[in-house]
Amino acid sequence: MSNAKRMNLREKYQRLTRDLGWEPSYQDKSAIYPQAEFEGIKIHDWSKWEDPFRLTMDAYWKYQAEKERKLYSIIDAFAQNNGQLNVTDARYINALKLFLTGVSPLEYAAHRGFAMAGRQFPGVGAQVACQMQSIDELRHVQTQIHTIAQYNKYFNGFHDWQHMHDRVWYLSVPKSFFDDAMSAGPFEFVTAISFSFEYVLTNLLFMPFMSGAAYNGDMATVTFGFSAQSDESRHMTLGLEVIKFMLEQDPDNVPIVQKWIDKWFWRGYRLLSLVSMMMDYMLPKRVMSWQEAWEMYFEQNGGALFDDLERYGIRKPKYWEVSVKEKKRLSHEVWSVFYNYGHAAAFHSWLPDESEMAWLSEKYPETFDKYYRPRFEYWAEQHARGNRYYNDSLPQLCQTCQIPMAFTEPDDPTTICYRSSEYQGERYHFCSDGCKDIFDDEPEKYVQAWLPVHQIYQGNCGGASVPEVLEWYHLVHGQDNLDYRDSQDYANWMRWKGLAEEAEETLAKAANE
Amino acid sequence: MTNNTVYIALQNNEEARPIIEAIEQDNRDATIEHFPAMVKIDAPGQLVIKRETVEELIGRDWDPQEIHINLISISGNVDETEDAFRLERLR
Numbered sequence: 001m002s003n004a005k006r007m008n009l010r011e012k013y014q015r016l017t018r019d020l021g022w023e024p025s026y027q028d029k030s031a032i033y034p035q036a037e038f039e040g041i042k043i044h045d046w047s048k049w050e051d052p053f054r055l056t057m058d059a060y061w062k063y064q065a066e067k068e069r070k071l072y073s074i075i076d077a078f079a080q081n082n083g084q085l086n087v088t089d090a091r092y093i094n095a096l097k098l099f100l101t102g103v104s105p106l107e108y109a110a111h112r113g114f115a116m117a118g119r120q121f122p123g124v125g126a127q128v129a130c131q132m133q134s135i136d137e138l139r140h141v142q143t144q145i146h147t148i149a150q151y152n153k154y155f156n157g158f159h160d161w162q163h164m165h166d167r168v169w170y171l172s173v174p175k176s177f178f179d180d181a182m183s184a185g186p187f188e189f190v191t192a193i194s195f196s197f198e199y200v201l202t203n204l205l206f207m208p209f210m211s212g213a214a215y216n217g218d219m220a221t222v223t224f225g226f227s228a229q230s231d232e233s234r235h236m237t238l239g240l241e242v243i244k245f246m247l248e249q250d251p252d253n254v255p256i257v258q259k260w261i262d263k264w265f266w267r268g269y270r271l272l273s274l275v276s277m278m279m280d281y282m283l284p285k286r287v288m289s290w291q292e293a294w295e296m297y298f299e300q301n302g303g304a305l306f307d308d309l310e311r312y313g314i315r316k317p318k319y320w321e322v323s324v325k326e327k328k329r330l331s332h333e334v335w336s337v338f339y340n341y342g343h344a345a346a347f348h349s350w351l352p353d354e355s356e357m358a359w360l361s362e363k364y365p366e367t368f369d370k371y372y373r374p375r376f377e378y379w380a381e382q383h384a385r386g387n388r389y390y391n392d393s394l395p396q397l398c399q400t401c402q403i404p405m406a407f408t409e410p411d412d413p414t415t416i417c418y419r420s421s422e423y424q425g426e427r428y429h430f431c432s433d434g435c436k437d438i439f440d441d442e443p444e445k446y447v448q449a450w451l452p453v454h455q456i457y458q459g460n461c462g463g464a465s466v467p468e469v470l471e472w473y474h475l476v477h478g479q480d481n482l483d484y485r486d487s488q489d490y491a492n493w494m495r496w497k498g499l500a501e502e503a504e505e506t507l508a509k510a511a512n513e
Numbered sequence: 001m002t003n004n005t006v007y008i009a010l011q012n013n014e015e016a017r018p019i020i021e022a023i024e025q026d027n028r029d030a031t032i033e034h035f036p037a038m039v040k041i042d043a044p045g046q047l048v049i050k051r052e053t054v055e056e057l058i059g060r061d062w063d064p065q066e067i068h069i070n071l072i073s074i075s076g077n078v079d080e081t082e083d084a085f086r087l088e089r090l091r
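Listed in order, the protein sequences are those of chains A and E.
Under the numbering used here, the first residue of the first sequence is numbered 1, with each subsequent residue one higher.
Under the numbering used here, the first residue of the second sequence is numbered 1, with each subsequent residue one higher.
Quick caveat, the hints were computed from the structure, so don't treat them as lab data.
Since the structure is predicted, the reported quantities are computational estimates derived from the model, not experimental observations.
Glycine included, C-beta positions come from ideal geometry on N, C-alpha and C.
Any given hint could be a false lead.
[To be verified] Have a look at the derived ranges for each label pair, beta carbon to beta carbon:
| hint | chain 1 | residue 1 | chain 2 | residue 2 | range |
| --- | --- | --- | --- | --- | --- |
| 1 | E | E15 | A | A464 | 52 to 60 Å |
| 2 | A | M7 | E | N13 | 42 to 50 Å |
| 3 | A | E321 | E | L90 | 22 to 30 Å |
| 4 | E | E15 | A | H474 | 41 to 49 Å |
| 5 | A | E504 | E | D63 | 52 to 60 Å |
| 6 | A | D76 | E | E52 | 21 to 29 Å |
Given only the sequences and the hints, what does the whole structure look like? Please build it.
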C-alpha cells in the first residue's frame, strides 16, 4: 500500500461516492426509489452529477469537529463571563427570541428533510451531499438549543419553544414553509430549501443579521450563526448543483424547475419579512437597513445568479420586482403587525425612540416620515396616556404564507393588498399575487393549511379568549408578552445594570395595570 | 450590462486574515469590505484562493479545504482542487 500513488481529491471523492452506487440485482430500481419520478423530473445519467465540494468523510469529520470546538469554547466563555449582560440592551434579546424559536425548529425540520431526500435520490453524489447536510442541520439545532439554554436562565419567552412552534400564530409562518417543502417530492424539496431558501435568501439572515448580533455584543449568537452559515456554503452549492443538473439532464425539466423557483422564491421572501423587522426595528445597533441588505444580497447577488442561469432558459423568479417595490416599506408594515399583537407574542414589542425614528427617516427618506412616523407617534401618545394599543380582533390570514394580511399594494402603500380565489365552493384569501398563484397551482394542498386564526375560531386552541389561547400556547401573560417597557425583562435588566429604583417603579406600574 | 459578481465572506479573525491577504494578492479586481465580525470580498467574474499563496503567508502546509472553518458564505460556482478554491460565473 505504501507504494501506491496518493489519490488526488477528485479520485478520493470518486471512491467515496461513485463506488457506493451499484445496480440492484434482485429489486426493481423504481421500488427502491419510489419518489424519483412522480414530480416529472427526468434524469438520464446520474454519473453526470458534479460534486463542487469534494469533502470526503474523514475531512468532513475533521473540519466539523474543529468548528464545534471553536463554537463551544466561545459559547462557554460567553456563559462564564455572563455575556448576556454585555449585549447592547436587553431589548435586543427579543430579536433573538424570534430567531431561536422561529429558526431552530426549522433546522431540525431540515435535518429530517435532507435525510428523507437523500434516501430518495437514485444518484450517489446527491445522496452523500444530502446525508452531510442532514448531519449539519442536526448540529445547527443542537448549537441553537445550547444557546437557548443560556438565555432561558435570564430572560422570558424561551421556555417552551418546541411546543410553541406547533401552536403560536406567527410561528406557523416558518413552520408551514418547511411543512410545505417536506410534503413535496425530493427534487422540489432540494429546490425549495437548498436553492431558493439557502442560496438565494439565507444570506440575508446569516450575514447582516449575524453581523448585527456581533455589533450588539452577542458573541454566542454570532458564533453559532457563522458556524452554521459555513455549512450553508456547502448547502448552497448542493442547491445550485441540483438545479444545474436537472436543467442539463432534460429540457422537459426546465418549466418544472422554473415553477418551483417562482414558488419558493415568493414563499421564502414572505418568510424573510420577519427578518426585515429584526434588522430595522429589533437591533439596538444596526448594521444596515433591510433595503440595503435586499439590494446587496438579492438584487446584486441574486441578479448575478439568475444571469448565470439564463443560459438554461431560466429567468428571474416571478414577482421579484414586487419585492423590490416593497423594500421601502416591508419592515415598517411587519413591525406594525407585531406592535398590534404584542399581547399574543412570545417576545416584547415597542415603538422606535426618537433617535431610531431619525435613523429610519434617513434610511427610508421616501416612505418613513410620510407613512409610518405619524402612526408610531400616535401610538406613542396613546401609550403615554396609559392606552397602549393592542388589537383584540383577529386578523385575516393569507391562506398560503399565513401572515396577517397587512401588506400593501405593490404600487400603493396606502391600500391593503387583497386577493382571493374560489375552490370547490369556498373562498380563500391571499396577501399578494405571488401567494394566490401558489394556491391556484396546488389548491388541494393549501386548502389543508392549519391557519391559527381559523383554528381559534373553530375552538381548537384552548378557548375563545386571549388568556385561554395564551395558556394553550404555554405563554405566560404579563411575563412573555406585552410592551418591552412594561416587562420583567426590562425591569431585571435595569436591576442588573444597577438602576434598581427605576426597575421597581416599572414593576409596580405593570402590577397595577 | 450583466452582473457577474462573485463573493466570499469570511469571519474576521486571526486564521482568516492570511486568507484574505492571499485573495488580495491573487485577485486584483477584488473589493474588500469590512462589517462587524465579517469580511465580504466581491470580485467580477471569478475569485481564486491559491494554496501556494496562503502557504507562503502562514509558513506551513495549508489545505484549501481548511477554508470551511472560517468561511461564512459564497456566491458563484465552486471549483475546488488540491491547489485552489475558485468561485466563478458561468460565462
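Worksheet item: So which of the earlier hints does this model not fit?
Response: 2 and 6
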